[in-house]
Structure formats: structure tokens, C-alpha cells
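Engineer: Take a look at the letters that make up each chain.
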Amino acid sequence: MPAILTVDDSRAVRTIVAKQVKELGFEVLEAEDGVQGLEQLQTATVDLVLLDVTMPNMDGPTMLQKMRESGNQTPVIMLTSESKRSIVAGAMKAGISDYILKPFKPEELRSKVLSVLQGEPGAQGIGSADGGSAAAAAELAAKAEMSVPAPPSAGPSTNAARFVDVMVVDDMENVAKKLRSMLPAHVSLVGFTSAQSALASCREKVYRVVLIDTEIPDVNSGVLAQQTRVLQPHAAVLALALRTANDVTKEVKDQGFDDVVFKPFRPESIDDFLLQYFDNQDFLVVEDNVLKVAPFTGRADRVDRFYQRLQGVYGDALEKVAAACHDEVVLDMGAPPLEGDRLPKFIVAVIGKAKEYGMTLSLVGPAEARKALGGYTETKDLKFFASVQEARAGAAA
Amino acid sequence: MSVEKLCTELEGILLKRIQTDQLFLPTLPAVAMKVLEILRDPDAGMKEVALVMEKDPVLAARALRMATSAAFAGAGKKITLQEALARLGTKILKGLLVEASAQKLFISKNPQINEALRTLWEHSVAVGVLARDVLALTGAVDSDSAYLAGLLHDVGKPVVASVLLELERQLTDVYQKGWIDSGEWLDVIGKIHRPIGVALAEKWALPPPIVACVRDAAEYDKSNRHSLANAVCFANALAKKSGIFAGALDADDNDALIMIGRSAIGISDDILRTLTKGLRERVTGLYD
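If you read the sequences in order, they're chains A and B. Anchor point for the first sequence: position 268 equals 268 in my numbering, and the numbering is continuous, going up by one each time. Anchor point for the second sequence: position 236 equals 236 in my numbering, and the numbering is continuous, going up by one each time.
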């Protein structure tokens with residue numbers, strides 16, 4: 001297990017650092033100043049030093065200098081409230097690997113600790129490598145291996161090789177294969193049976209969703225989820241769990257997961273999964289002053305969810321249209337479900353919001369929708385058209 | 001004349017001209033002409049005008065100065081370039097551009113000085129672009145102001161450069177004397193541009209956050225990590241690291257500024273690489 005030495009005269013800082021680092025699964029040693037820090041280095045093998053600058057007895061830069069003079073090349077991250085460039089420049093000459101300004105966020109500490117321990121270059125090469133990142137991406141793409149390849153029709157391009165939709169971490173190889181067979185071809189998936197190989201891949205690729213089995217032998221799934229989150233800050237991290245009588249969703253959220261996907265997989269739960277993480281982008285599209293809603297194709301029990309999703313996104317879409325200085329907004333509802341009063345309620349909400357922005361609303365949809373809205377006082381006089389072209393012509397007239 | 005003496009005399013001349021409103025500033029003819037062309041299109045908006053005009057720090061500063069003057073009831077207020085242009089209106093803006101285009105061209109007889117002039121301009125644009133992107137990535141609402149702050153952080157440099165060019169013309173054309181080389185030329189600019197920029201920014205009553213960036217963009221403010229000044233300080237170091245700068249550079253010092261800025265502002269290395277990717281292509285084109 002890697003060991004990290006935190007050298008800081010503040011007990012509070014040492015406590016916070018120790019807590020964060022232990023959560024990553026590392027051992028922690030503590031020292032109050034440079035003198036104690038050097039003593040610790042003589043008696044213990046340390047993989048990384050987190051070093052403050054201003055301390056009694058011996059300050060950080062002096063300890064760093066003595067370390068290097070004695071041939072100790074252990075990586076050092078300077079963790080300090082000192083931001084004078086002359087001091088940091090001096091520490092960089094002595095070979096610090098990174099720098100964290102206090103007060104710091106836990107994610108920054110975790111991310112930089114992991115980066116240094118895994119030999120990342122940090123800020124080196126920034127700027128002068130104009131285009132260097134493209135070379136690095138190509139190198140990563142060349143290394144990429146799809147453990148569970150998608151069907152040939154969805155073969156990854158060079159660029160796409162670095163960006164993968166789903167990672168599955170489960171010691172049972174069949175889990176990734178089963179999920180692959182249930183996902184559409186355009187959703188890419190990589191499967192790993194060990195935590196180490198999964199974390200190594202997290203250093204190389206960008207994932208959208210990471211699924212982690214809660215019962216991997218000898219692995220604390222909660223810790224693995226946290227490590228994954230540090231390396232993949234933009235990914236959704238979900239637990240893979242069996243259905244039990246317990247409140248599994250609450251349990252995994254307490255462990256740091258965003259949500260849970262239950263095993264064995266059922267078609268409807270995979271539908272939900274896709275809906276939540278992959279189909280949102282095309283749900284409501286804004287083009288000029290037209291808001292186009294994706295056609296409703298689900299089962300009757302999905303109608304509530306359809307309108308809930310619309311309620312969640314239409315405000316931002318209207319704001320975009322208003323920001324482009326349009327006086328009129330066209331809402332193309334496609335083929336909306338007409339059960340109950342959900343459609344008129346939604347349209348009334350849109351009318352109200354559009355009015356707040358000083359815009360009037362025209363609606364595009366099938367004759368059935370027009371009929372349904374005609375039965376309500378608030379929507380019966382709405383300008384209604386069969387197509388977007390007609391709506392635009394109507395606005396221009 | 002020694003560089004030190006030239007600096008002292010030049011600083012005195014410039015400060016006097018600023019105080020008495022007798023400073024003439026050249027602008028980039030290509031920028032002015034392009035903006036005039038856009039203004040001829042009745043469908044064009046001020047957003048398009050601002051996009052072109054923000055390539056020239058001097059022109060942008062002039063528009064900002066006019067829009068924030070008492071005549072437009074905007075003294076001291078924080079404002080973006082687009083807002084400034086909208087406040088001025090097409091007619092006044094055209095007048096400003098015609099006046100700007102009529103200034104003497106920004107050209108030296110020394111090709112190395114011409115190259116340095118180009119780089120001074122490109123550096124300002126690069127800092128503007130980076131400062132805006134940095135603040136936008138942190139979720140700050142003030143990213144447009146960051147562009148302007150970055151663009152103008154070295155506004156003293158073109159001011160000093162313009163007077164040096166004026167002196168060059170007088171000495172070489174009228175008196176047939178020799179002129180300083182490009183190294184000394186950059187040395188003079190490096191030594192006095194800061195007080196000149198601050199005097200100009202204060203005289204023109206530019207918004208206080210921008211004046212702060214002109215005054216000192218060399219250390220970070222720990223109490224306000226996402227401030228305009230911090231974004232400009234970080235962007236300045238990144239532009240230099242990318243090789244877009246003129247004059248001397250302390251590479252260790254600059255690397256330290258990047259190291260501190262990553263943590264102070266909260267920029268990951270992946271984002272950092274994205275920020276500087278293709279930077280040179282983004283800042284070239286309008287100087288010629």
C-alpha cells in the first residue's frame with residue numbers, strides 16, 4: 001500500500017489531509033515540521049510527501065533542499081497558503097511535482113495525489129505543446145483496447161477510441177457481455193474484471209457512465225467509486241447490484257454512487273438507463289425560434305416521465321430563443337401523448353414562460369393534439385399549425 | 001542616448017501627453033476597415049462588430065473610454081465591449097473608426113521591430129482569449145469582461161511603441177540619425193509601459209477591475225480566486241509559455257505562475273491543454 005507523508009504544523013490540516021488520503025486507500029504518516037519530516041523519511045519508505053512552506057524549526061523549502069541534497073528524490077506536492085511566485089519558483093527548481101493552494105478542495109488533493117503517484121506529467125509541457133495533446137490523444141487511441149467490442153457497424157474511429165460511453169467493472173465477465181448485447185450498437189462499452197485494470201483505463205480514456213459491481217472480491221466498491229470519480233470527474237458512477245429486500249438505492253448512494261442498476265438486467269431497466277444517460281440530447285432541440293420535441297414512442301406508463309422531462313428542459317430552451325431576440329416561438333410537439341390533461345397543462349406553462357420573455361407561442365402538432373387543446377379555455381385560441389413551415393409563414397403574414 | 005535616459009524622458013513625455021489629452025494612438029487599419037465594412041450591412045449587429053474590434057486593444061480601449069465617459073452617463077461602470085458599442089451607436093462608432101484610420105501607420109523601418117510590434121498585438125489578443133476561456137470554464141459570469149481585461153492589460157505597450165515610432169521617424173527622416181535596435185526598443189517598452197498604461201487607464205476612467213489588471217497582473221489575489229486580475233495573470237503566463245510574447249522572459253518565474261494559477265483558479269491539466277491548443281492560429285490574421 002503506498003504511503004504518504006504529510007508535513008504541516010497545523011494539526012487541522014494534517015487531519016483533513018490524512019482523512020482524504022486514507023479514503024483513497026493509502027497509508028498516512030504525519031510530521032509537524034521539517035525536522036520531524038526528515039526523521040520520518042529516515043525510518044519509513046514514503047511514496048509521496050505533502051509539504052507545507054511556513055513551519056517552525058525547519059520550513060518546507062529547507063526540508064525539500066535537504067531531501068534532495070541527501071539524494072532523496074521522493075515526489076513532493078507543495079500544499080501551502082504561500083502564493084509568492086519567487087518561493088514557488090524556488091521549490092520547482094528543487095523538483096516539486098505539483099502545488100496546491102490552501103484552502104483546497106478535497107477533489108483537487110485526491111486528483112493531484114493520484115496523478116503524481118501514477119507519474120502524470122502535471123503542468124509540464126503545457127503551452128509549448130500546441131498540438132501535443134493531439135499527439136497524446138493519438139497515442140492513447142493507439143493503446144485503446146475494447147474488451148467487449150461493439151458490433152462491426154459501430155466500430156470506433158480514432159477519436160472515438162478515447163471516448164467511451166460505458167465502463168463495466170464486474171469480476172463476472174458475463175455481466176459486461178450481457179449488457180453489451182442489450183445496448184444499441186452506437187453505445188460503446190468496455191468491460192473489466194479487476195479494479196486495477198479499470199483504474200488504469202480511467203487514466204487513458206474518458207467515460208460517460210461507469211458501472212461498478214458492489215460485490216467484487218477483496219475490493220471496497222465505495223472506495224473504488226471514489227477513485228473512479230477523481231479520475232473521471234464528469235462520469236456518472238453507478239452501482240451494479242442484485243435486488244434485495246434492503247433499500248439498495250439508499251445504501252449505494254451512501255457509499256458515494258450516483259445511482260444503481262440492478263442485476264440481472266431487464267429490458268425496461270436498460271430502457272430507463274439509456275433514457276437517462278444517452279437520449280437526453282435530442283429530446284428537445286432548439287433551432288432558431290423552433291423548439292422541436294422528440295416523438296413519444298414509449299409505453300403508456302412512460303407518459304408521466306415524458307412530460308416531467310419536458311418540464312425540466314423547456315425553460316432553458318425558451319431562454320435561448322429569447323436571448324436571440326425572437327418575438328415568436330414555435331413549439332413543434334411531434335406526436336405527443338394525449339392521455340389526461342398533461343398536454344394542456346404543459347402548454348399553459350410554456351405560454352406563461354414565453355410571455356415572461358415577451359414572446360408569443362405558436363404550436364405545431366397533429367390534428368388530435370389541436371382537438372385536445374381546443375377543449376380548454378387557456379389553450380383553445382392558441383395559434384396551431386400542421387407544420388413548422390406553416391407556422392413560420394403564419395408568423396410572417 | 002542611453003536606454004535609461006530614453007526611458008526617463010519618454011515616460012515624462014507620455015505622462016504629460018496623457019494628462020493634457022494630447023496622446024495620438026495609431027490603430028490597425030485592417031481592423032478599422034473591417035468594422036466599417038460590417039457597419040455598412042444594415043443587418044449586422046454590434047456583436048459582430050465587437051468580435052472584430054476586440055482584436056485591437058487600442059481601438060477597443062478608445063470605444064470603451066468614450067462609452068464610459070460622462071457624456072454617455074456611464075462613468076466608472078463595468079461594461080463589456082459589446083455593451084459599449086451599443087451605447088455609442090453606429091454613427092458615433094463610424095466617426096471613431098474614421099478618426100482612428102486617419103492616424104499614422106504603425107510601421108517601423110526595422111523589420112525586427114515590426115515583428116515585435118506584431119507580437120505585442122498578438123500577445124494582448126491571446127491573453128484576452130485565454131482569460132475569457134479560463135473564467136468561462138470556472139463558471140464565472142464575467143468572462144466577457146475578462147476578454148477585455150486581458151486585451152488591455154498591456155495597453156501601455158502600444159502607447160509607448162507608437163511614440164517610439166514617432167521618434168524613429170523624426171530621427172531617421174528629419175535628422176538622418178541612427179535609431180536603437182529591436183532589443184533596446186523592447187527594453188524601453190518593458191521598463192515604462194506599466195506606469196503609462198495605468199496613467200492612461202485612469203485618465204480614461206476605464207472600469208476599475210480593468211485598471212487593476214493594467215496596474216499589476218503579476219501575482220494572484222488569494223481572497224478572490226476567480227477575479228478578472230487572477231484570470232489575466234494566469235492567461236498572461238500561459239500566453240508566454242505558448243511562445244506568444246515579445247521581449248525577455250524569466251521561464252522559471254513564468255512556470256511558477258502557471259503552477260500557482262492551476263490551483264488558485266482551479267484548472268485541471270486536461271483543461272489547460274485544451275485552453276492552449278491552437279492558440280497561435282486563433283490570434284493571428286488581423287495585424288497585417
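These are calculated hints, taken from the structure and not from any lab test. Positions of the beta carbon are idealized from the N, C-alpha and C atoms, including for glycine. Honestly, I wouldn't trust all of these hints.
Said to hold, decoys possible - Straight-line alpha carbon distances no greater than 20 angstroms define the calculated EDC-like cross-link-like pairs of lysine to aspartate or glutamate that follow: (1) A:205 with B:219; (2) B:191 with B:166; (3) A:102 with B:166; (4) A:380 with A:332; (5) A:84 with B:253; (6) A:84 with B:252; (7) A:93 with B:43; (8) A:93 with B:216; (9) A:263 with A:171; (10) A:84 with B:43; (11) A:205 with B:166; (12) A:383 with A:268; (13) A:102 with B:221; (14) B:222 with A:288; (15) A:84 with B:219; (16) B:91 with B:43; (17) A:84 with B:216.
To be verified - Away from chain B, derived, C-beta distances all over 12 angstroms, residues of chain A: (18) 82; (19) 98; (20) 100; (21) 105; (22) 184; (23) 340.
To be verified - Incomplete in silico selection of chain B near chain A, CB under 8 angstroms: (24) 6; (25) 10; (26) 11; (27) 202; (28) 203; (29) 216; (30) 219; (31) 220; (32) 223; (33) 256.
Engineer: Each of the hints needs a verdict: does it hold here or not?
Structural biologist: Hint check results:
For the given pair, residue 205 (chain A) sits about 35 angstroms from residue 219 (chain B) by alpha-carbon distance, which is inconsistent with the 20 angstroms threshold. For the proposed pair residue 191 (chain B) and residue 166 (chain B), the alpha carbon gap of about 18 angstroms is at most 20 angstroms, so the pair holds. For the hint pairing residue 102 (chain A) with residue 166 (chain B), the CA-to-CA distance comes to about 49 angstroms; that exceeds 20 angstroms, so the pair is violated. Restraint check: the Cα-Cα separation between residue 380 (chain A) and residue 332 (chain A) comes to about 17 angstroms, which is no more than 20 angstroms; the hinted pair holds.
With a C-alpha separation of about 10 angstroms, the suggested pair residue 84 (chain A) and residue 253 (chain B) falls inside the 20 angstroms cut-off, and the hint holds. At roughly 13 angstroms between alpha-carbon atoms, residue 84 (chain A) and residue 252 (chain B) fall within 20 angstroms of each other, so this suggested pair holds. For the suggested pair residue 93 (chain A) and residue 43 (chain B), the alpha carbons sit about 56 angstroms apart, so the restraint of at most 20 angstroms is broken. A distance of roughly 25 angstroms separates the Cα atoms of residue 93 (chain A) and residue 216 (chain B); the hinted pair therefore is violated under the 20 angstroms criterion.
Restraint check for residue 263 (chain A) and residue 171 (chain A): satisfied, since their Cα atoms lie roughly 14 angstroms apart, inside the 20 angstroms limit. Only pairs whose Cα atoms come within 20 angstroms are accepted, and residue 84 (chain A) paired with residue 43 (chain B) is rejected, the gap being roughly 50 angstroms. Taking the CA atoms of residue 205 (chain A) and residue 166 (chain B), the gap is near 56 angstroms; set against the 20 angstroms cutoff, the hint is violated. For the given pair, residue 383 (chain A) sits about 38 angstroms from residue 268 (chain A) by alpha-carbon distance, which is inconsistent with the 20 angstroms threshold.
Among the hinted pairs, residue 102 (chain A) with residue 221 (chain B) is consistent with the structure: their alpha-carbon atoms are about 13 angstroms apart, no more than 20 angstroms. Pair hint residue 222 (chain B) plus residue 288 (chain A) does not hold up; C-alpha atoms about 42 angstroms apart against a cutoff of 20 angstroms. Between the alpha carbons of residue 84 (chain A) and residue 219 (chain B) the distance comes to roughly 7 angstroms, so the proposed pair stays at or under 20 angstroms and holds. With a C-alpha separation of about 15 angstroms, the suggested pairing of residue 91 (chain B) with residue 43 (chain B) holds against the 20 angstroms cut-off.
About 14 angstroms separates the Cα atoms of residue 84 (chain A) and residue 216 (chain B), which keeps this hinted pair within 20 angstroms; it holds. Taking the minimum C-beta to C-beta distance to chain B, about 9 angstroms, the non-interface status of residue 82 (chain A) is violated against the 12 angstroms cut. The beta carbon of residue 98 (chain A) is not kept farther than 12 angstroms from every beta carbon of chain B, the shortest such distance being approximately 8 angstroms. With a closest Cβ-Cβ approach of about 5 angstroms to chain B, residue 100 (chain A) is found to fall inside the 12 angstroms limit, against its non-interface label.
With a least beta-carbon separation of about 7 angstroms from chain B, residue 105 (chain A) fails to lie farther than 12 angstroms from that chain, contradicting its non-interface assignment. At roughly 28 angstroms, the least C-beta separation between residue 184 (chain A) and chain B is larger than 12 angstroms, which holds for a residue marked as non-interface. Under the 12 angstroms C-beta cut-off, the non-interface status given to residue 340 (chain A) relative to chain B holds; the minimum distance is some 39 angstroms. A hinted interface residue such as residue 6 (chain B) counts as satisfied when its beta carbon comes closer than 8 angstroms to some beta carbon of chain A; here the least separation is about 29 angstroms, so the hint is violated.
Proximity of residue 10 (chain B) to chain A is violated relative to the hint, the smallest CB-CB distance being about 28 angstroms (cut-off 8 angstroms). The beta carbon of residue 11 (chain B) is not positioned within 8 angstroms of any beta carbon in chain A (closest approach about 26 angstroms), and the interface hint is therefore violated. The beta carbon of residue 202 (chain B) is not positioned within 8 angstroms of any beta carbon in chain A (closest approach about 26 angstroms), and the interface hint is therefore violated. Of the supplied interface hints, the one on residue 203 (chain B) is violated, with its beta-carbon coming no nearer than about 30 angstroms to a beta-carbon of chain A, more than 8 angstroms.
A distance limit of 8 angstroms between C-beta atoms decides the matter here; for residue 216 (chain B) the minimum to chain A is near 12 angstroms, and the interface restraint is violated. With a least beta-carbon distance of about 7 angstroms to chain A, the hint placing residue 219 (chain B) at the interface is held under the 8 angstroms criterion. Contact between residue 220 (chain B) and chain A, as hinted, is supported at the beta carbon level, the nearest pair being about 5 angstroms apart and thus within 8 angstroms. At a threshold of 8 angstroms, the smallest CB-CB gap from residue 223 (chain B) to chain A is about 11 angstroms, leaving the interface hint violated.
Checking residue 256 (chain B) against chain A by beta carbon gives a least distance of about 4 angstroms; that is within 8 angstroms, so the hint holds.
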